[in-house]
Each structure stands twice: as C-alpha cells, then as structure tokens.
Amino acid sequence: MIVKIFSMKECPKCASAKKFKKQLDEGGIKAEIYDVKTVDGLAEATLFGIMGTPSVVVVDDSNKEMKTWRSELPSMKEIKELAEKNV
Amino acid sequence: MFDLIIIGAGPAGITAAIYAARKMMNFLLMSKDVGGQVGWSFCVDNYPGFPRLSGVDLVKKFRKHLKEFSVKVKEGDAKEIKKINNGFEVVTNDKSYETKTVIIASGKTPRHLDIPGEEKFLGSGVAYCAVCDSPYFNGKDVAIIGGGNAALDAVFHLENYANKIYLVVRNLTAEPFLIERIKKIGKVEVLTDTKVLEIVGDKSVSGVRIEQDGKQKILNVQGVFVEIGQVPNTKFVNNLVKLNESEEIIIDKDNMTNVPGIFAAGDVTDVKEKQIVISAGEGAKAVLSAWDYLKR
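Respectively, the protein sequence lines represent chains W and B.
Take the first sequence: its letter number 59 is residue 59 in our numbering, and every next letter is one higher.
When you read off a place in the second sequence, starting at 1, and then add 1000, the result is the number in our numbering.
Honestly, the hints are just simulated from the structure, not real lab data.
Glycine included, each C-beta is placed from N, C-alpha and C at the ideal position.
Keep in mind that a hint or two might mislead.
Among the chain W residues that face chain B by a calculated CB cut under 8 Å, a handful are [to be verified]:
hint, residue
1, Cys11
2, Lys13
3, Ser16
4, Lys19
5, Val36
6, Lys37
7, Ala43
8, Gly49
9, Thr53
10, Val59
11, Ser62
12, Ala83
Just a sample of chain B residues kept apart from chain W, beta carbon distances all over 12 Å, derived [to be verified]:
hint, residue
13, Met1001
14, Leu1028
15, Lys1032
16, Trp1040
17, Asp1057
18, Lys1083
19, Ile1084
20, Val1126
21, Asp1133
22, Leu1172
23, Val1188
24, Val1200
25, Lys1242
26, Asn1258
27, Lys1295
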C-alpha cells in the first residue's frame, strides 16, 4: 500500500501535508509526496482525478485506488485502519 | 499554566506572539497554519515596507520573524474554551491547555455558495483557494464567483493557467485599481447581474448553471472558484463570548471581549476594516492589554 500526498510548495494549506508525510514515514507506512506545480506531480494528480490541494490517494501494490481524500488530509487513524485491511 | 494562549497565526496572532515574546511571557501560539488568509493573496500592495509582495512571500517573512524570537507554532485547532479557576482551559482535538488569558485571532474561512453540486465537486473542480489549486486548471475554462478583491485576486492567480476566465458577479465591488488591471487581461469575461444556481458535472465539474436577465443557461467550465467572502471562525466560542449579527467577536477599545481575560484581534472581531496591517495592529493592542490585565 502506498499513500500518495498531493501538495504544493506555495499552498498555505499544505504545511500539514509535509508533517503528515513525516508521520507516515515514522509509522512505517510507504508514502510519496507530489508537488502539483511540477509536470510529474500534476500528471500523477490527473491520473487520479485530483483537482485540489492538499489531497491524498491511497493505492494498493498494483497502483489501484483504494481510498481518496479530496482537498483534505485523512487522520493517521484512518490510514492505519486501511493498512490493516490491506494486510 | 500559561500566561497567554494565542489562537491563530495570521497577522494578528503572529504580531501578538512577537510582542508576547518581547515581554518574555509564558505563552503558546496555536494554529492550523501560519499566515492565515495572507498566504492566499496574489499580491499584497498595502503593507508598509513591502510593496508588491506576494502573500506567500509575506508569510515567509512572518515565519522568519517568529523564528528570530524562537516562537514555535503548536499545530492545533481549538475546539472549545472553558472557564476554570484563575483562567481558562483551551481544548484541542488531542490535548487541553490551561492559561490565565487568551487572545482569539482565529480569522475567517471562505463562505460557501450553498448550492447543489458545490459540496459534491469539492476537490473535483470546486475550489476556494486559487493559490492552492490553480495548476490543476492549466488550459481549462474556469468560472470565478464573486466580485470583491479576493475574486479579482483569484483572476490574477489563474490568468497564467486557465484558457478562459468567467468572472461571475452580481456587482463588481473590488477596488477600482484592481478592476482596471483585469480589463487588460484578454481572456477574462465579466458577467454582471448574474446569479449562480448549480454546479453540474459527472465525476468532475463540467459547468455552472447561471441566471442572467431572467434567463438560465449552462456555462461550460471545468473549474469553479468560490470567492464570495468569508465567515468568522467563532463556532468554538459562540457560547462563551458575545458575537454580533455577523458572528464576529465583539471587542472593546482594548480588544477585550465580554469575558474578562479573553481578548480577540483581527478579522474574527467586529473591527470594521479587514486588512493585514489593521490585523497586525490589533494583535499588538490585544497582547498589550493582556499584559496589563495580568499585572492587575
């Protein structure tokens, strides 16, 4: 399972996205952060129909979408529950 | 127990924190973010000493100033303030803090249209923050709803991305200086005396239903930016301090609320003008009043 976080350097609402990534790293959950102002970041966001920052998409090991939070961040509890289900 | 807890880190809260640090008060600055609505501004042109600075850059300067006084922002969202012996208890999601005084500088959040489709398409074409979400609308047609300074600010953010920008307004109330600037942007079409009825689409936004001169039509857009003003963040104290009819906190000339020991500053209060420079000044006044209150 991978947690994809869509963020942007200039976004005033995105400071918490960076902290969220750190929390996931510390919790041993694989996470990737994308800056949607970059070509790659925007392409990845488009792939999942993301049009708001910050957003989170959780995918399984075959990159299939499991759950999405648009223009908001989930709690660590929600991610842990999803990780347990995935196991 | 803290001497002071400052709730919110916009211009009012940050200024209060700088003054509190200079007074060597035992205080906590608590907020979800730093800069508040300032970070959403395309260009801040009326903060003395920093002409034509972007909101993001002004927030960077605020952060730097806080660091110089070793002020750390405790990430948190106040859920309730309770009266306790000799002070107050500020309750957040995961913890409570005791303090002798409080400054509420929680600012405002975007007002919603409350029309069909708005909630459904949030993050799928509906947005409230142009600085956060503009890159998603590269080459697309968008509608900006609202005619105030914030709506025109959204135009300036989006002009580098969007193919076509409809500014949908009842009245254009923005400063004349800004209206003159958008007239020079070829891709902007202003629709006045227009009401927005519904946001439509399938998985994402495909249009807005509008009414103009009694006739309805669909405007084909892939993005809708709602910029129709702000509502004060006062829900967590609406049973504690007195609010006016706009749900802003009523304060006296010393920034004191009706509850002794609770002060408020910035856009969350009933102070008439909502400006960065005014909020900063109000933050300074509030902390100096709290200081006097503690000395009594």
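Do the hints match the structure? See the list:
{"no.": "1", "hint": "Cys11", "result": "holds, 4 Å"}
{"no.": "2", "hint": "Lys13", "result": "holds, 6 Å"}
{"no.": "3", "hint": "Ser16", "result": "holds, 7 Å"}
{"no.": "4", "hint": "Lys19", "result": "holds, 7 Å"}
{"no.": "5", "hint": "Val36", "result": "holds, 5 Å"}
{"no.": "6", "hint": "Lys37", "result": "holds, 5 Å"}
{"no.": "7", "hint": "Ala43", "result": "violated, 11 Å"}
{"no.": "8", "hint": "Gly49", "result": "holds, 6 Å"}
{"no.": "9", "hint": "Thr53", "result": "holds, 5 Å"}
{"no.": "10", "hint": "Val59", "result": "violated, 17 Å"}
{"no.": "11", "hint": "Ser62", "result": "violated, 22 Å"}
{"no.": "12", "hint": "Ala83", "result": "violated, 21 Å"}
{"no.": "13", "hint": "Met1001", "result": "holds, 27 Å"}
{"no.": "14", "hint": "Leu1028", "result": "holds, 18 Å"}
{"no.": "15", "hint": "Lys1032", "result": "violated, 7 Å"}
{"no.": "16", "hint": "Trp1040", "result": "violated, 6 Å"}
{"no.": "17", "hint": "Asp1057", "result": "violated, 10 Å"}
{"no.": "18", "hint": "Lys1083", "result": "holds, 30 Å"}
{"no.": "19", "hint": "Ile1084", "result": "holds, 28 Å"}
{"no.": "20", "hint": "Val1126", "result": "violated, 8 Å"}
{"no.": "21", "hint": "Asp1133", "result": "violated, 5 Å"}
{"no.": "22", "hint": "Leu1172", "result": "holds, 26 Å"}
{"no.": "23", "hint": "Val1188", "result": "holds, 21 Å"}
{"no.": "24", "hint": "Val1200", "result": "holds, 15 Å"}
{"no.": "25", "hint": "Lys1242", "result": "holds, 30 Å"}
{"no.": "26", "hint": "Asn1258", "result": "holds, 32 Å"}
{"no.": "27", "hint": "Lys1295", "result": "holds, 35 Å"}
Hints 7, 10, 11, 12, 15, 16, 17, 20, 21, counting from the list given before, are not met by this structure.
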